[in-house]
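Taken in sequence, the protein lines are chains S and A.
Residue numbering for the first sequence is 13 to 280, as defined by this note's numbering.
Residue numbering for the second sequence is 19 to 382, as defined by this note's numbering.
Don't take each hint at face value.
Stated by the list, open to error - For each label pair, taking beta carbons as the anchor points, the in silico distance ranges come out as:
1. 361(A) with 66(S): 46 to 52 Å
2. 295(A) with 75(S): 54 to 60 Å
3. 157(A) with 124(S): 22 to 28 Å
Claimed, not checked - Some, not all, of what chain A presents toward chain S, calculated at C-beta under 7 Å:
4. 255
5. 257
6. 264
Stated by the list, open to error - Which chain S residues face chain A? A few, computed with CB under 7 Å, are given here:
7. 84
8. 116
9. 126
Read the hints as simulated data drawn from the structure, not as lab findings.
Just so you know, even glycine gets a beta-carbon here, dropped at the ideal spot from N, CA and C.
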Amino acid sequence: MALLEIENLRRSFGGLVAVDRVSFRVKEGQIKGLIGPNGAGKTTLFNLISGLLRPETGRVIFQGRSITGLKPYQIARAGVSRTFQNPSLFLRLNVIENVMVGRHSRSRYGFWGCGLRWPGQAREERQFREAALAQLEYVGLAEFAETPAGALGFGRRRMVELARALATEPAMLLLDEPASGLNTAEKEDLAALIRRIRDRGITVLLVEHDMGVVMSLSDEILVLHDGTPIAEGSPAEVQNDPKVIGVYLGGEFAGTAHRSAAQSREQG
Amino acid sequence: MRTRGVWPIAGLAAAMAATQGILRLTGTEYCLTQLTMALYYAAVVMGLCLLMGYAGQVSMGHGAFFAAGGYTSAVLTTHNFSAWQGTLVSSWLEKSRVLVARQDAYSNAMLTVSPWAAFGAAMVLTFLLAVLIGYPALRLRGHYLAMATLGFGLIISKLLLGSALTGAADGLNGVPEWQLLPGLAVTGKTAARVSNYYLACSFVLFLLVVLGNLIRSTVGRALQAIHDRETAANAMGIDTAACKLRVFVLSALIAAAAGVLCTHYTGGIGPSEASALKSVRYLALAAVGGMANLWGVTLGSVALNYASLRGWFGSYDNAVFGAILIAVISLAPDGPLKPIGAGLRRCTRRFRPVPEEREEHGPA
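So that you can see chain S by itself, here it is in the shape it has in the complex (with noise of 0.2 Å):
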């Protein structure tokens, strides 16, 4: 059964058409990966799905409810949670209080309750606290509970965001390229806790220029090409699809042909 439904997404921005024609489902329990050249329109259609932008057409529907066009806040309270290509923790909270951030949504107290110190709200607190900590354990970084987020490295801020965003309690996490920037040794860290999301339950969709990563990790592959899908199936297909090839190797002559058959597409 298909968790999130991609119909015939269109976004963009000025002359250039980030992504277009973009339609693509994840099963639930797998592990999707989104593959592309710079410029493709991944991270694009990554705003479009969690709702930092809105589609000029098209479609997004995730448990068979559409969430096209509803703020971030909506969309992650229906159960999809995000992290992003340059880790943005709040680093004027300290560890364990970023990722305390993702249970907001499920706190009961609003500035009354919070406020006056309604009965409940200080067990709620423990309760969110307990939560955030299973999380950072979860993620190996328990020790840094009470750390400034800003004194953590790259690499512990990546997964203090996964965290943040399992606290959410997501049905499905969208990872914008999660491997950048991590040495090997985190690489395979990365690559395991990712394996064990799934194992959970929870739904990936990664994007991912780390080929190593993602033909490992993904169960199927979706490769984007000027902003439009080009290729989709397993990593073993879609590593010997001429056309992905082509893209990534080609260069020059793919990329032509290819925009030469878009453009007879849009005159057609």
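Model the placement of chain A on the given structure of chain S, informed by the hints.
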């Protein structure tokens, strides 16, 4: 959670009582008047601390919210509604004690709105004004709120100066006392000076507790997350627009409540309260306290407001606050307390007895 607990609050309450004791013993109890006003002005800055220091939203119009509260109260409690007397609306309002008969300073009979009802009206009006400004401005990111509130402040200021209802340039006076509880009224009468000082102290302590709770809760984390990275906060499930609007409205209501209390205390209010200079002064006071430091902001603004009200800065009053703002922002953007605190810690570390090293260090 690392709850600070009740001790700092109890300590501050004790210090407030000690201040009153010292002033009584030295025969300078008249200083309590300025101290009481300084506490009310500090409350405005405390709300601004939550809005600016924690949520990162700049308001240049908090003076106008203070004035909105104060003027609503002043107009309603000094305007004579006796022309309405006898109408159905009036008799119903009199029966429900919204309109009360009283005498002005010259023993003329008046029919005015009761201070409690006026307070309610001030809160409702401020709520509406804050939503009206905040709703459109806070849906956008950036300095739109600062611009919108600056414009709002200028409009309110001009309206107050131009309207006969608000006493134009003279402002309003003759605001009656506000009977909060039996035996406790907000009034500037000398006999009630001490009780009013403690009333203002209680107001500030209450805000310290409530805002402190808020800051150390999921709401406080959400506000700081918005300050740092609004997009990421939204993507983590925080309704950032609603959160920003709520904190803005809350801080406006605090400013207005302080305005109502201060107006009843001093018995009047003038248009300078709504001026842009006043709003900038509140910004400067928040900056002095370190923005995201509720205690620093509170104590700093009580001290500086007191100095200003006692006339220590003479005719350079506004210039002093402008200079403070420039100095803080250019020299210590996190507020002067952080570098001072770090310096003090370095000093105490130096003097802390470390047995083996004592001889090496010597008296520093």
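The hints, checked one at a time:
1. 361(A) with 66(S): 46 to 52 Å: Distance hint for residue 361(A), residue 66(S) holds at roughly 51 Å.
2. 295(A) with 75(S): 54 to 60 Å: holds, 55 Å
3. 157(A) with 124(S): 22 to 28 Å: holds, 23 Å
4. 255: holds, 3 Å
5. 257: Hint on residue 257(A): holds, closest Cβ of chain S at ~5 Å, below 7 Å.
6. 264: Cβ of residue 264(A) sits 5 Å from chain S, so the hint holds.
7. 84: Interface hint status for residue 84(S): holds (4 Å vs cutoff 7 Å).
8. 116: holds, 5 Å
9. 126: holds, 4 Å
Comparing the model with each earlier hint shows no violations; every hint is respected.
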